[in-house]
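Quick note: the sequence shown, position 51, residue 51 per the working numbering, numbers continuous.
These are computed hints drawn from the structure, not numbers from a lab. Hints should not be assumed to be uniformly reliable.
Result set (BS3-like, lysine-lysine): computed pairs, CA atoms no more than 27 Å apart in a straight line [as the list claims (entries may be wrong)]:
hint : residue 1 : residue 2
1    : K206      : K231
2    : K43       : K9
3    : K231      : K212
4    : K315      : K206
5    : K143      : K72
6    : K313      : K275
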Amino acid sequence: MIPSSSFKKKFPNRSYKRFVASAMLRIILGYIFLLNVLLILVKADGVLDIFYDVLALQFISELDDIAFSLSKLDILGKSLRRACTARLFQTEFERKKSAAARSFQAILFLKSVYFVNLALFVSPMIMVSRRQSAGHYQCKRIKVDFGDAVWGDALVRLPEGGYDERMLAFSTFNGVYEKSRTENNRPVYEERRKFDRLEYGDDAGKVPAEIKYSLDLGAWIFYHPFIAKKKQEESEPWLLRSPETDEFDLLNVVGEWSIWFGVIDTTHLSYSCTKCNTDTDCNLNGLCVDGDCECNVEEETSYLGPHCEVKLKDKCASIFDGAMNMTWSIFKYSQVPGGPPDTLFEEYNRPVYVNTWGIEYREGDIHWLLYTGSRWKYVGFNYLDQNITWEEVMFSIDNYHAFWDKAHSYDPYGLNFISGPTKGDTPVGVDWFTITDWGDQFGPFGALTPMQEEIGMGIFSCAGDFVMTEDVADDLKLIDSMEYTEVGDSDENVGERKLESQ
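Throw the hints in and build the complete structure from the sequences for me.
This is the structure:
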């Protein structure tokens, strides 16, 4: 250390405090360099990234020394040369001889500084490494879209033993997947309910699918324990498989996935983290609160979905089917007995439409338009004929799954119609088809006959803001038929209807 007396002896007109401050700034610069190295180690994805980033950081940190050397060589101008060759930079100062005890204290202090520095930079690395191993920095919930691929004769293991062949539309597994545990230092994402994106209960009768990393395959896989590629046991069953990778974060996996539908093919899998950072991540249709989007409910529009990406306009709360002369409405009910009907009946982030006119009802009838991941589908049955209660129907709504509830099954004696693939918010604006026959000679959804006169026309149009509630639904169970009457014939009232029971 250069004492104040030695400095004042050589440069009586210079400030010793500024001299010490410049030395301290050099020390601070060194700590900033080490801090940047720590950040690089924490954020880097590979060894080469660390090498190149540290190399660039080293170059930047030495730019001032390089400039100083070039100035001394008169390359950057005479004024800089005079400043860098001043007597101040070439002076040797006398060191004050210290006593042995003081020298020992100085050595002990320097060693302590080294150990403190070591602890300051190793401790965060240990903490970050442990949190990385626990998956703390990985996305907790993801939204997955499997596309519109179909496996016509998927093998389903039955609980009582044996197998059943069933048509598997991979889009029925679209939705939110949440981290349930950690395997191989990577998260395992488990499928969540299509109604409210919560966990399937033990009494739901549904086993969720999972997305996880397979060490044997060196890839991320999508699988379900009850869906098999063949009847023999497999060491690592999978329905979709990513390219070979050692990525710890699923969101960093790029490239086409392998898909199994009798043979191996490739498909594009879309996935994103549901966590939001700003309101923009909510598509400006909601507020980002603690990483989750709280969707807006505006005067004429409400929004659904993890990122408030689905728009439901009040004018489309009811829709009219011009092909079969039927009207359908969204359904709201109360989660609290006796409370207001404030909960929307929805599946796969889309509203469920209930038939309110055009079909002759008998007690216990259910007539719904459901979204099944990529297509809208008509679902009809009588819950009294199946010896189940209305409460059990509502329970099945909470735990609905288009594949396990056989939404794409064919009823030769009932209504059968389905939409084309769509990401639309409602059944409006999408083409529809009647399923006229079913068999191996037809496509996976059967023989499809267009319901609209021209492709692209669709059959539904928005018909007003009428909303079905539980009170009206109770009436539907007791009456034989209903009809709508026009409120008026002006342009403003076209499509507006008032419910009348007979």
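These are the hints, each one checked on the structure:
Of the supplied pair hints, the one linking K206 and K231 holds, its CA atoms being roughly 21 Å apart against a limit of 27 Å. With a CA separation close to 50 Å, the supplied pair K43 and K9 exceeds the 27 Å bound. Restraint check for K231 and K212: satisfied, since their Cα atoms lie roughly 22 Å apart, inside the 27 Å limit. As the CA atoms of K315 and K206 are separated by approximately 35 Å, the hinted pair breaks the 27 Å bound.
Of the pairs offered as hints, the one joining K143 and K72 is violated, with about 60 Å between alpha carbons and a cut-off of 27 Å exceeded. Pair hint K313 plus K275 holds up; C-alpha atoms about 25 Å apart against a cutoff of 27 Å.
Of the numbered hints stated above, those contradicted by the structure are hints 2, 4, 5, listed in ascending order.
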